[in-house]
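Spelled out, the chains give:
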Amino acid sequence: MTTDQQIDANGQLRHLITLEGLGRDRISALLDRAANLREAFAKGANGPQLLAGRTIINLFFETSTRTRTSFELAARRLGASVLNFDIASSSTSKGESLEDTLATLEAMQADAFIVRHKENGTPARLAACARRAAILNAGDGNHAHPTQGLLDALTIRDHHTDFSKLKVVICGDIRHSRVARSDVHALEALGASEIRLCGPLVLMPAAGDFPQCRLFNNFDAAIADCDVVIMLRLQRERMLEALIGDEAEYFSRFGLTAQRLSRARPGALAMHPGPMNRGIEIAADVADGPQSVILDQVANGIPVRMAVLASLLSS
Amino acid sequence: MTTDQQIDANGQLRHLITLEGLGRDRISALLDRAANLREAFAKGANGPQLLAGRTIINLFFETSTRTRTSFELAARRLGASVLNFDIASSSTSKGESLEDTLATLEAMQADAFIVRHKENGTPARLAACARRAAILNAGDGNHAHPTQGLLDALTIRDHHTDFSKLKVVICGDIRHSRVARSDVHALEALGASEIRLCGPLVLMPAAGDFPQCRLFNNFDAAIADCDVVIMLRLQRERMLEALIGDEAEYFSRFGLTAQRLSRARPGALAMHPGPMNRGIEIAADVADGPQSVILDQVANGIPVRMAVLASLLSS
Amino acid sequence: MTTDQQIDANGQLRHLITLEGLGRDRISALLDRAANLREAFAKGANGPQLLAGRTIINLFFETSTRTRTSFELAARRLGASVLNFDIASSSTSKGESLEDTLATLEAMQADAFIVRHKENGTPARLAACARRAAILNAGDGNHAHPTQGLLDALTIRDHHTDFSKLKVVICGDIRHSRVARSDVHALEALGASEIRLCGPLVLMPAAGDFPQCRLFNNFDAAIADCDVVIMLRLQRERMLEALIGDEAEYFSRFGLTAQRLSRARPGALAMHPGPMNRGIEIAADVADGPQSVILDQVANGIPVRMAVLASLLSS
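Protein chains in written order, with the working numbering: chain A, 256 to 570; chain B, 256 to 570; chain C, 256 to 570.
Errors might be hidden in some of the hints.
[Unchecked claim] Simulated crosslink set (EDC-like; lysine to aspartate or glutamate; CA at most 20 Å straight-line):
no.: 1; chain 1: B; residue 1: 373; chain 2: B; residue 2: 351
no.: 2; chain 1: A; residue 1: 373; chain 2: A; residue 2: 417
no.: 3; chain 1: C; residue 1: 349; chain 2: C; residue 2: 361
no.: 4; chain 1: A; residue 1: 349; chain 2: B; residue 2: 351
no.: 5; chain 1: C; residue 1: 373; chain 2: C; residue 2: 317
no.: 6; chain 1: C; residue 1: 349; chain 2: A; residue 2: 443
no.: 7; chain 1: A; residue 1: 373; chain 2: A; residue 2: 354
no.: 8; chain 1: B; residue 1: 373; chain 2: B; residue 2: 317
no.: 9; chain 1: B; residue 1: 420; chain 2: B; residue 2: 280
no.: 10; chain 1: A; residue 1: 349; chain 2: B; residue 2: 317
no.: 11; chain 1: C; residue 1: 349; chain 2: A; residue 2: 501
no.: 12; chain 1: B; residue 1: 373; chain 2: B; residue 2: 501
no.: 13; chain 1: C; residue 1: 373; chain 2: C; residue 2: 413
no.: 14; chain 1: B; residue 1: 373; chain 2: B; residue 2: 354
no.: 15; chain 1: A; residue 1: 349; chain 2: B; residue 2: 354
no.: 16; chain 1: C; residue 1: 373; chain 2: C; residue 2: 354
no.: 17; chain 1: C; residue 1: 373; chain 2: C; residue 2: 417
no.: 18; chain 1: A; residue 1: 420; chain 2: A; residue 2: 543
no.: 19; chain 1: A; residue 1: 349; chain 2: B; residue 2: 280
no.: 20; chain 1: C; residue 1: 349; chain 2: A; residue 2: 502
no.: 21; chain 1: C; residue 1: 349; chain 2: A; residue 2: 317
no.: 22; chain 1: A; residue 1: 420; chain 2: A; residue 2: 443
[Unchecked claim] Just a few of them, taken from the derived set where beta-carbon distance is under 7 Å, the chain C residues facing chain A:
no.: 23; residue: 304
no.: 24; residue: 308
no.: 25; residue: 359
Quick caveat, the hints were computed from the structure, so don't treat them as lab data. Cβ coordinates follow ideal geometry from the N, Cα and C atoms, glycine included.
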């Protein structure tokens with residue numbers, strides 16, 4: 256799906272599949288809306304019920320309680336009704352095509368689908384055949400995870416209003432990471448000064464995949480002078496593939512320790528999309544330390560997803 | 256359970272177990288109410304919250320996300336609180352009798368139970384021991400699926416107000432189909448002129464099972480001059496049993512193709528309860544063609560279930 | 256966790272982990288509040304929405320649809336939004352620590368967690384690291400099940416206002432029962448005259464475990480002159496361990512029959528926390544008989560849990 260397919264004839268966002276090519280203005284507008292909603296709902300009170308009477312369906316083909324819960328809370332806070340469609344027991348497991356499942360649920364007047372799938376392109380494929388409903392990509396393969404990109408951008412913007420001075424390093428399994436891709440698209444659109452990618456050789460992206468980034472294999476070099484350090488989750492099953500002996504060796508070369516963090520700029524932000532493997536990607540004292548904004552990322556997930564849902568559905 | 260057991264001392268519908276013997280007036284009244292609710296909720300707006308404060312529990316012993324979702328959306332639109340009782344992890348799997356599970360949930364002030372079960376008669380058995388709550392049959396064995404019968408009738412009525420002129424054919428695995436049984440009961444009550452059943456010999460009903468219907472084994476003959484063509488889902492595990500070589504042979508003899516549909520009356524309705532096996536029961540171009548009302552069936556499922564819930568609970 | 260950890264600096268209940276040491280006044284206040292809420296919601300009408308805008312998360316590491324449903328209904332009736340966190344597919348199964356899962360969900364602004372876990376102490380461990388949210392123990396190992404203790408106490412109090420005259424016997428698998436422990440703590444706090452424990456030798460508690468109780472192995476002796484008879488569920492896997500030949504023999508020695516119940520005081524209450532194994536722990540005619548208050552226990556579970564949630568969250 257090209258970016259244009261996310262935008263309708265009136266220039267409005269119709270689906271959210273990827274941040275690639277969305278552009279600074281649209282991304283900034285989503286972050287502004289998220290910040291406004293965050294304030295409106297601050298005291299635990301009920302804010303505007305922008306989605307009252309709307310129905311939103313979670314279509315998670317890959318399990319992710321964390322992201323699903325965040326979307327569900329966001330939708331409910333805006334007054335929407337949320338249904339979790341149980342994939343394991345669904346018609347798609349009875350031979351029905353994914354397109355027919357979508358058409359069936361649309362006929363029940365579902366207004367939006369939150370889709371996670373292990374294959375790249377499934378949300379785009381559904382967007383291409385949706386009649387009326389909006390499709391929100393909650394992560395597809397290693398392609399995109401746009402709301403993660405937005406919530407990471409909002410978390411950074413809470414500390415740095417001017418992205419043009421920022422150096423950011425993303426460290427870990429870049430190759431398989433949809434988070435890295437969406438973060439890079441957001442950071443690039445917002446004008447980050449420099450984006451560095453770092454990881455074991457075999458977990459680095461294919462040549463030419465991230466032309467806008469500087470590539471490193473040495474984390475001590477990559478982290479130097481950075482304002483933001485984004486650590487990625489390492490799937491245990493990639494450990495062997497990474498040609499790295501064990502967890503201790505991975506941690507010693509690519510783990511974020513207090514000592515390593517001290518090589519970044521003073522007060523540099525330490526980020527992680529979770530769930531964390533403490534002692535593998537990040538030291539416990541850094542995760543819990545004063546420079547960590549990891550729980551802010553989680554908290555920002557709610558208003559960011561509210562902003563996206565409101566933008567797609569309340570017009 | 257005889258029909259009488261569905262009706263209380265004041266002549267009100269108390270449970271919905273089967274359409275058999277319900278009679279034209281009650282069925283027409285449910286369809287009228289469904290049509291009215293459909294209109295009231297048309298613009299996605301909130302209609303009357305007839306079931307505010309009521310609690311409805313989904314008791315699905317057979318998985319069916321499609322039907323469960325339809326019931327859940329219907330109940331929520333009327334303001335009810337819906338709970339999905341997870342059978343796999345429930346007390347019934349800890350040796351508790353089904354009757355005790357029902358009594359326990361009734362003691363928690365559940366107002367209605369939506370029940371699906373692979374054995375004929377389970378919903379009737381629960382209705383017989385319910386103290387206060389209403390039981391809605393969402394499909395039991397090959398016995399009945401009354402809301403499917405109603406939504407099919409509503410879909411047909413949207414096109415044909417006078418059933419006395421209608422010829423309807425139902426094609427496929429009649430023997431194991433609760434949909435066929437409930438469709439026949441609805442069509443008969445509404446005065447359909449002729450109901451034809453067609454399928455492979457071994458998937459036809461037992462002798463005397465449908466005395467009101469004409470039986471066919473040749474679909475080309477059965478479909479001639481029909482106003483409505485209802486295709487049934489073929490469980491893959493029945494294929495061998497059907498003594499039919501493979502899917503292609505089944506499709507060639509009993510599949511609904513454009514050519515075959517042209518033998519019916521002009522503008523005949525093509526229906527399927529879903530989930531569809533395209534290329535087995537129905538050709539893709541027919542499923543997506545101008546005579547298909549398959550997605551209308553899905554859409555009508557919501558107001559029909561709202562009408563049934565409102566009739567059972569809001570008095 | 257000591258009792259003190261459940262109470263905040265202002266003397267308010269902050270978590271509910273155990274009834275041990277809570278004291279008569281707090282327990283009576285919770286029962287009073289439950290009785291008031293029960294009355295306020297009596298006619299199926301909506302009562303006060305004390306928890307509107309609050310988010311409550313079910314964290315059930317052991318399946319228990321019955322208790323989870325009771326908590327969910329209680330929370331919804333007070334206007335809270337309830338989420339079931341699916342443990343099997345959650346981050347904790349991806350190597351995330353339980354503490355990090357809690358912190359993540361707290362960052363999403365969850366206000367309370369209902370926790371069930373097979374290991375003693377898990378709810379206390381979560382309470383120790385919760386920042387803002389309340390932890391409610393819905394059963395941990397054989398340690399405590401405080402809301403069961405409260406609902407049993409409320410059920411008894413509905414019949415006997417003066418506990419100081421009561422003799423209560425608890426019969427069955429005492430050793431592994433968190434219900435027995437929480438019942439004893441409630442009964443003791445409310446001043447019950449005598450608490451007797453009875454069961455097969457190997458299912459009796461460790462020496463010194465219940466210093467306030469009289470221990471029996473003969474149920475006919477234990478039940479004599481009691482006002483309340485609480486039967487415990489026997490896990491089938493304990494049967495062998497109990498050194499008892501089979502279900503019939505267990506029933507003959509420790510089952511509650513009408514004849515045995517006649518040895519208790521006239522009108523003695525027959526109780527069971529469910530799910531029941533009829534014919535093993537209790538005869539069907541006793542379970543369904545006039546002295547049974549088993550469904551009252553279930554019904555009281557809702558207002559008791561409403562009272563606890565309201566006390567922890569609505570201040």
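| field | Numbers of unmet hints, in rising order | value | The structure conflicts with hints 2, 4, 6, 12, 13, 15, 17, 18, 19 and 23, although it agrees with all the remaining ones.
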